[in-house]
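Take the sequences, apply the hints, and build the full model.
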Amino acid sequence: MRRSNLQETDDTGLIVRAAKGDREAFGDLYERYVFRVFRHVYYLTNNTHTAEDLTAQTFLNALEAIHRYEVRGVTFLAWLLRIAYNLTMNHKKLRSNGNSPLPEAVEVQGTAYSPEATCEAVADGEQVWAGVQRLKADQRQVIVMRFIDGLSYPDIAKVLGKSIGAVRVIQHRALCALRQRLENDLGHYYAKSRAG
1 MRRSNLQETD DTGLIVRAAK GDREAFGDLY ERYVFRVFRH VYYLTNNTHT
51 AEDLTAQTFL NALEAIHRYE VRGVTFLAWL LRIAYNLTMN HKKLRSNGNS
101 PLPEAVEVQG TAYSPEATCE AVADGEQVWA GVQRLKADQR QVIVMRFIDG
151 LSYPDIAKVL GKSIGAVRVI QHRALCALRQ RLENDLGHYY AKSRAG
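1 is the number of the first residue of the sequence shown in this note's numbering; add one for each residue after it.
Hints may contain errors.
[What the hints assert, rightly or not] With a Cα cut of at most 25 Å, we get these calculated PhoX-like pairs of lysine-lysine:
no., residue 1, residue 2
1, Lys-93, Lys-158
2, Lys-92, Lys-136
3, Lys-92, Lys-20
4, Lys-136, Lys-93
If you are wondering where the hints come from, they were derived from the structure by calculation, not from laboratory data.
Encoded structure:
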């Protein structure tokens, strides 16, 4: 049995117990998923305090609604991310958010890199992150869920309430827009470096 199937089996038992009022079982689910929910919300809000508040609210909402969760069809993580997404979108409607620096979670790993290579990798990451921040909200959401949260197309579709085909189209358009913006940014960078 694959690890994801084992995880779903473990989740199923915890969910059933939590739905019956077992706070320890819900605590185990919280410990298992709090970082992933926080990271997801952080990438959408670009604010640590807001992400912490919305993550806490996500789990409070999940605790209140866990008896309505159905194990079949939607992973528990996808269900949590749907709650987090709805809370984040409601929050964003009330407040506008600007661009942010590169998230702390993006790191250059390995000891084989020279300081120059490390600086270049961080600079490239910052350019990519800035490009992602300028995407339309639905495009940014799909990119974050697919490449940062590691969700499958079916899970993303369920979280967003869209078809799998629509998610693939949004991802394709987002990657095309990101590529175009990065090419434009690099063109401006090289033009400035040659002129200066």
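Quick rundown of the hints versus the structure:
{"no.": "1", "hint": "Lys-93 with Lys-158", "in the structure": "holds (22 Å)"}
{"no.": "2", "hint": "Lys-92 with Lys-136", "in the structure": "holds (13 Å)"}
{"no.": "3", "hint": "Lys-92 with Lys-20", "in the structure": "violated (34 Å)"}
{"no.": "4", "hint": "Lys-136 with Lys-93", "in the structure": "holds (15 Å)"}
Consistency note: the structure conflicts with earlier hint 3 alone.
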